[in-house]
Each structure stands twice: as structure tokens, then as C-alpha cells.
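The primary structure of each chain is shown beneath.
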Amino acid sequence: MIFTRLPFIGQCLLLLLFLLVCGWISLFSWSVIAVTPMDALHALYKMNEDSIAQHIVHDLRLPRVLIGIMVGANLAAAGVIMQGLTQNPLASPSVLGINAGAALGMATVSSIAPWFGLLGTSVAAMLGGGIAWALVMLLGNAWRGGNEHGRLVLAGVAISALCAALTKAVIIIAEDQAAGVLTWLAGSLTDARWQTFDALWPVCIIGLLGALFIAPSLNLLQLGDDNARNLGVSLIWVKLGGSFLVLLLVGSAISSVGAIGFVGLLIPHMARMLAGQDHRKFLPVAMILGACLVVLSDTVSRAIIYPAETPAGAILALIGAPFFIYLVRKRTL
Amino acid sequence: MSLSTHNLSVGYHDKAIVKQVNLSIPEGKIIALLGPNGCGKSTLLKAMARILSPMEGHVQWQGKNLHSIASKKLAQQLALLPQTQPIPEGIKVKDLVAYGRSPYTGFWGRLNRQDQLIIDSVMHETGITELADQLVSELSGGQRQRVWLAMTLAQDTPYLLLDEPTTYMDLSHQVELMHLLRKLNKQGKTIITVLHDINQAARYCDHLIVMKQGSIITQGSPDSVLTQTLMKDVFSLNAQIHRDPIAKTPMCVVE
Numbered sequence: 001m002i003f004t005r006l007p008f009i010g011q012c013l014l015l016l017l018f019l020l021v022c023g024w025i026s027l028f029s030w031s032v033i034a035v036t037p038m039d040a041l042h043a044l045y046k047m048n049e050d051s052i053a054q055h056i057v058h059d060l061r062l063p064r065v066l067i068g069i070m071v072g073a074n075l076a077a078a079g080v081i082m083q084g085l086t087q088n089p090l091a092s093p094s095v096l097g098i099n100a101g102a103a104l105g106m107a108t109v110s111s112i113a114p115w116f117g118l119l120g121t122s123v124a125a126m127l128g129g130g131i132a133w134a135l136v137m138l139l140g141n142a143w144r145g146g147n148e149h150g151r152l153v154l155a156g157v158a159i160s161a162l163c164a165a166l167t168k169a170v171i172i173i174a175e176d177q178a179a180g181v182l183t184w185l186a187g188s189l190t191d192a193r194w195q196t197f198d199a200l201w202p203v204c205i206i207g208l209l210g211a212l213f214i215a216p217s218l219n220l221l222q223l224g225d226d227n228a229r230n231l232g233v234s235l236i237w238v239k240l241g242g243s244f245l246v247l248l249l250v251g252s253a254i255s256s257v258g259a260i261g262f263v264g265l266l267i268p269h270m271a272r273m274l275a276g277q278d279h280r281k282f283l284p285v286a287m288i289l290g291a292c293l294v295v296l297s298d299t300v301s302r303a304i305i306y307p308a309e310t311p312a313g314a315i316l317a318l319i320g321a322p323f324f325i326y327l328v329r330k331r332t333l
Numbered sequence: 001m002s003l004s005t006h007n008l009s010v011g012y013h014d015k016a017i018v019k020q021v022n023l024s025i026p027e028g029k030i031i032a033l034l035g036p037n038g039c040g041k042s043t044l045l046k047a048m049a050r051i052l053s054p055m056e057g058h059v060q061w062q063g064k065n066l067h068s069i070a071s072k073k074l075a076q077q078l079a080l081l082p083q084t085q086p087i088p089e090g091i092k093v094k095d096l097v098a099y100g101r102s103p104y105t106g107f108w109g110r111l112n113r114q115d116q117l118i119i120d121s122v123m124h125e126t127g128i129t130e131l132a133d134q135l136v137s138e139l140s141g142g143q144r145q146r147v148w149l150a151m152t153l154a155q156d157t158p159y160l161l162l163d164e165p166t167t168y169m170d171l172s173h174q175v176e177l178m179h180l181l182r183k184l185n186k187q188g189k190t191i192i193t194v195l196h197d198i199n200q201a202a203r204y205c206d207h208l209i210v211m212k213q214g215s216i217i218t219q220g221s222p223d224s225v226l227t228q229t230l231m232k233d234v235f236s237l238n239a240q241i242h243r244d245p246i247a248k249t250p251m252c253v254v255e
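Chain order of the listed sequences is A and B. Per UniProt numbering, residue 1 is the first one in the first sequence, and the count goes up by one each step. Per UniProt numbering, residue 1 is the first one in the second sequence, and the count goes up by one each step.
The set of hints was computed from the structure by calculation and includes no laboratory data. Check before you lean on any hint, since a few could be wrong.
Straight-line distance between alpha carbons at most 25 angstroms, and here's what the computed SDA-like set of lysine to any residue pairs gives [claimed, not checked]:
1) B:LYS189 <-> B:SER140
2) B:LYS212 <-> B:ILE91
3) B:LYS64 <-> B:THR84
4) A:LYS281 <-> B:LYS186
5) A:LYS330 <-> B:HIS173
6) A:LYS281 <-> B:GLN77
7) A:LYS330 <-> B:GLY90
8) A:LYS239 <-> B:LYS189
9) B:LYS29 <-> B:LYS15
10) A:LYS330 <-> A:HIS149
11) B:LYS29 <-> B:HIS58
12) A:LYS239 <-> B:GLN76
13) B:LYS29 <-> B:HIS173
14) B:LYS72 <-> A:MET273
15) B:LYS92 <-> A:ASP225
16) A:LYS330 <-> B:GLU138
17) B:LYS73 <-> A:PRO216
18) B:LYS186 <-> B:PHE107
19) B:LYS73 <-> A:LYS330
20) A:LYS168 <-> A:ASP225
21) B:LYS94 <-> A:PRO202
22) B:LYS15 <-> A:GLY224
23) B:LYS94 <-> A:HIS149
24) A:LYS281 <-> A:ASP198
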């Protein structure tokens, strides 16, 4: 493929261009009130206060696209870090229970104590995800190293199932909040507004920079724990720091738009195919690809049963599930 | 003595393999660790490279507890070549060797001119220059072993800990390796290596350490260590000790 032979900077620029186009299309397409492509551009740099179309672009579509970009980059980066830390090709927020744990935390707080607001649910999502992941890693024996790939995934499946069951119980107990929680569980950018954007971007930037910062250490972890330690990597700090970053990235993404799955599993593998095994290269590529994928799925989610919306999480699951099966069959785990 | 163990016990899953070993590594020599399978040679080597944590006692490096030294700093002093290595997917030979420079590289693993020079020179010394652009996973066992060795050498440490570095290598590469170790030793490196071939150890090493069941039985120059009784006690072999006609070092021939 020609793309894989491009220099790294060229790959990034090309993908960024693709992301811009996706974002622009997402700004004007599939709107109940007609929005022209030019409206989408005008709303960005010389807004006409009287145009409803441009207000739609500025107040609804733009934050939605920006949040989609950040959520995609966050989840992709989290997937790369998780696969690097565990040396497991199936590691990702959805497979290893973080999504389900965060969903449980979120559902619990928004059903039982809704007065905590956005901050409360964000913290609950991170706590829930963190506890679920810690349990999965303990059950799966992942901290000891070794090649027990199957065990880790099994632990992830078990904890996910447990969290999902508890989440359902919470929904049944607090029925008046059920509709909101259910939409959120499916993962959708429908309710993404500037308010969400303001809460998301600082965490997103810290998380993504942190991920880039530990990329060289993730490279050495590929050589196994012994070699990494021998080459001067402080395993405890990298694993703790990496886990913290994952929670930051996934927790902030999930509390903004709900439990979007498969981005963290799918994108790291695509990025590796395109940019090779060096984390310093395929991590940035994964971030941009993740952003593209979420923005695209969000656009498609408006098109499928237009004018009603399908949750973007459902679209991603439709693409992600077959890919997951493909991975399991291709790799000798 | 820069590297020493003090009452060191270490092992796996609560079972001590190395038992209360006190050992000072003589500086500036090539040291061979010898002994039958399962006697704790590799375990001792891993403990000295801080890959394994002691159950009891400690390892000292320049007067300090090994585990209290910053990882990166220690990685500039000690390099270990483990016995079994993973087969990394999708990594090129030259990139793997370059990872050996990690303890020195600046921001984001950037290599400078000197790093590149060292990488080129160790690849030349280990005879893998032609393999530079191949994937590590596509090499033969012996070639891969030389690539890992090159990565360890790229770490450019005064102490080298090698666990059976000759594994998978054909005879000519084994001899080349032993000559390379001598050359590195002349440049001032201390080399501690686990070897299976006793005659190779006697011929190329200055100091032999013989282990059995987690303890050190004896140590010293090849001449003082290699005796008929030792071969009987440690390896349960009836052997005669002769003189190597070329190197004049002791040589054991099994009866």
C-alpha cells in the first residue's frame, strides 16, 4: 500500500486532512433544517447572527464534531496504552471491563444521586472504570507478566458481565432516570454541547500529551518486562502512570458521550498496520484515526434512520464486532 | 568490588533457588558461572541484574543496594542478556539494536550521532550489519541471538551479564563471540557469563564460579578450579583433566 511507504509526517498530514473533511461534512450533512456546506464554513469564521442554519452549525454541530474528535483520540490512545502495558492484542477499554465499570459508576450516581451533576458522574465513571480494570488485572494476573492472554480477556468478560448486570439493577431501581441512562449506555453524541466540550478538552489534552510522553517506554515494554527493566524502564511507574492515563482518557470520554466501544480495540491495530510498531509513530496516527472514526460514525448515525438518530456507539459496535472476531481468528492467542 | 551479593537468597514463588550466597565479582575480568541444570546460575545472574528481587539479603552495587538505584542510571552500568528472549513482532533488526541506547537517549528516545556510531559498531562486531532491515521475527535462532547480543552491547555498560550467550549459535559464531568478549574485556568491561561448555569457559575466562544446588561450591582461576574431584562432585562425571595443546588452559575429557 502506498500509504505505508509515506514518511511519518506525510501520513499524519494526510490523515489530518481526511479528518478535516470528515468534520466539515459532519457540520452540514443530515440536518432537519437545511444547512449548506457554505453555511458550515461561514459559521466558523464570519457568523451571520440571523441565519438559523449557521446557529445550528455553531451551537450544535461544531461542539459535536470537536467532542467526537477528542473522544475518538482519547479512546484510541487508551487502547494503544492498554495493549502496550498488557502486551495483549485484545486489550482495550471495552474488552477489559473499563467501559462497563464506568457505565456502572455513572448509572449509579445519576440514578441514586443525580444532584452531583456532570462532575459527579465524571468522577463516578473514572472510579467505576478504575475499580473494574484493577479487578480484571488482578484476576487476569496481568501484573506478573507472562503470556496469559486468554485469562486476562476472560477476566474482562466476567467483570463486564457483572457490571452490566448491576447497571441493569440500578436502572430498574431508579426508573425515572432510566431513559437517560440507557441512551448514555449506548454511547451517543446527540447531547454533546459546548458545556461538555469545556469540561472535556483540558483532560483530553493532558491525557494525550501524557500518552505521547510514555510512548518510548511502551516501545521497550514490547520486548518483555525483563528487557524493559534491563533497559532502564521503571516498570512500576510506567504501569501505574499508564493506567492512570487510561482512566483519565476513558473516564473523560465516557462521561462526555457514554460507553462508546471498539474504538480502543480497532484503531490501534489499524494504526500499527499503517505506521509500524514504533509507538512514537503509531500512537499519533491512532489518535487521528480514532477521531476520524468517531466523527464518521456520528455522521452515519444521523443518516441511517434520518431524521431520527441511531447512537454512534451502535454504529461502532456494528463495525467493531466483526473486526474483533477477525482478530481472534487471525492471532494465535 | 563494585558488584557483590550479601547473604542473597532468591527464587520463584516462595521457593529459594539461590541460597544465602555471598559473592564478590572480581572487577575487570571475564567470569564464567558454571554448574549443572537448575543449580541457580541464571537466577543468580537475574538477581545481580535486578530482574529478580531478593527474598533475603541483598545485592550491592558500588556500596549501594542495587534496588535503591534509579533504573535508568543502573541501565548505564549493568546490561543483561537473558537466556530466553521473546520474538517481537514487526520490529526491524536495526530498531531493536537501537533500543539498547534507551538508557542514554534524550527526549522521546531521540538518537544522536554518537548513539548511531555505537549502534553501527556493535552491529558490525556481532556480524549483523547485513540483517539491519530484516524483521527480527524472520531470523534464524542463531542470528536472532546475535541481534539480542548487539542490543545488550549497545547499552555500552562497564558490566555485562550474559546468560548462555552462545545458545543457538554454530561453532564458528561461538568462537567469534568468545573472541569478542575478550576484546570487550580488554577495553575494560567486566563480563559475567553463564556457560555450559566447561572447556570454553576454561579457555576464555579468567575466573570460574561453580555452583551446585543454589550454593557456590568453589571459585578461582581455571587451573585451580578444574579438578577431577570437582567434575565428580558437581557434574557426577568421571573426567580427566588435560592441557589444551594450543591455549595451554586446563581441559576436561569425560571418560
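A quick look at each hint next to the structure:
1. B:LYS189 <-> B:SER140: violated, 29 angstroms
2. B:LYS212 <-> B:ILE91: violated, 39 angstroms
3. B:LYS64 <-> B:THR84: violated, 29 angstroms
4. A:LYS281 <-> B:LYS186: violated, 40 angstroms
5. A:LYS330 <-> B:HIS173: Answer violated: LYS330 of chain A to HIS173 of chain B is near 36 angstroms, above 25 angstroms.
6. A:LYS281 <-> B:GLN77: Given that 25 angstroms is the threshold and the Cα spacing comes to 29 angstroms, the pair is violated.
7. A:LYS330 <-> B:GLY90: The given pair, whose Cα atoms are some 15 angstroms apart, holds under the 25 angstroms limit.
8. A:LYS239 <-> B:LYS189: Not OK: LYS239 of chain A and LYS189 of chain B at ~33 angstroms, beyond 25 angstroms, violated.
9. B:LYS29 <-> B:LYS15: Violated - the C-alpha atoms of LYS15 of chain B and LYS29 of chain B are around 32 angstroms apart, more than 25 angstroms.
10. A:LYS330 <-> A:HIS149: Status holds; Cα separation ~14 angstroms.
11. B:LYS29 <-> B:HIS58: Holds. LYS29 of chain B to HIS58 of chain B sits at ~22 angstroms (cutoff 25 angstroms).
12. A:LYS239 <-> B:GLN76: holds, 22 angstroms
13. B:LYS29 <-> B:HIS173: Judged against 25 angstroms, a Cα distance of about 22 angstroms means the pair holds.
14. B:LYS72 <-> A:MET273: With a Cα-Cα distance of about 31 angstroms, the restraint between LYS72 of chain B and MET273 of chain A is violated, given a limit of 25 angstroms.
15. B:LYS92 <-> A:ASP225: holds, 19 angstroms
16. A:LYS330 <-> B:GLU138: holds, 18 angstroms
17. B:LYS73 <-> A:PRO216: holds, 17 angstroms
18. B:LYS186 <-> B:PHE107: Violated: LYS186 of chain B and PHE107 of chain B sit about 33 angstroms apart, past 25 angstroms.
19. B:LYS73 <-> A:LYS330: Roughly 41 angstroms between the alpha carbons, so the hint for LYS73 of chain B and LYS330 of chain A is violated.
20. A:LYS168 <-> A:ASP225: Measuring from Cα to Cα gives roughly 39 angstroms; hence the hint is violated.
21. B:LYS94 <-> A:PRO202: violated, 38 angstroms
22. B:LYS15 <-> A:GLY224: holds, 23 angstroms
23. B:LYS94 <-> A:HIS149: violated, 28 angstroms
24. A:LYS281 <-> A:ASP198: violated, 29 angstroms
Hints 1, 2, 3, 4, 5, 6, 8, 9, 14, 18, 19, 20, 21, 23, 24 from the list above are not met by this structure, while the remaining hints are.
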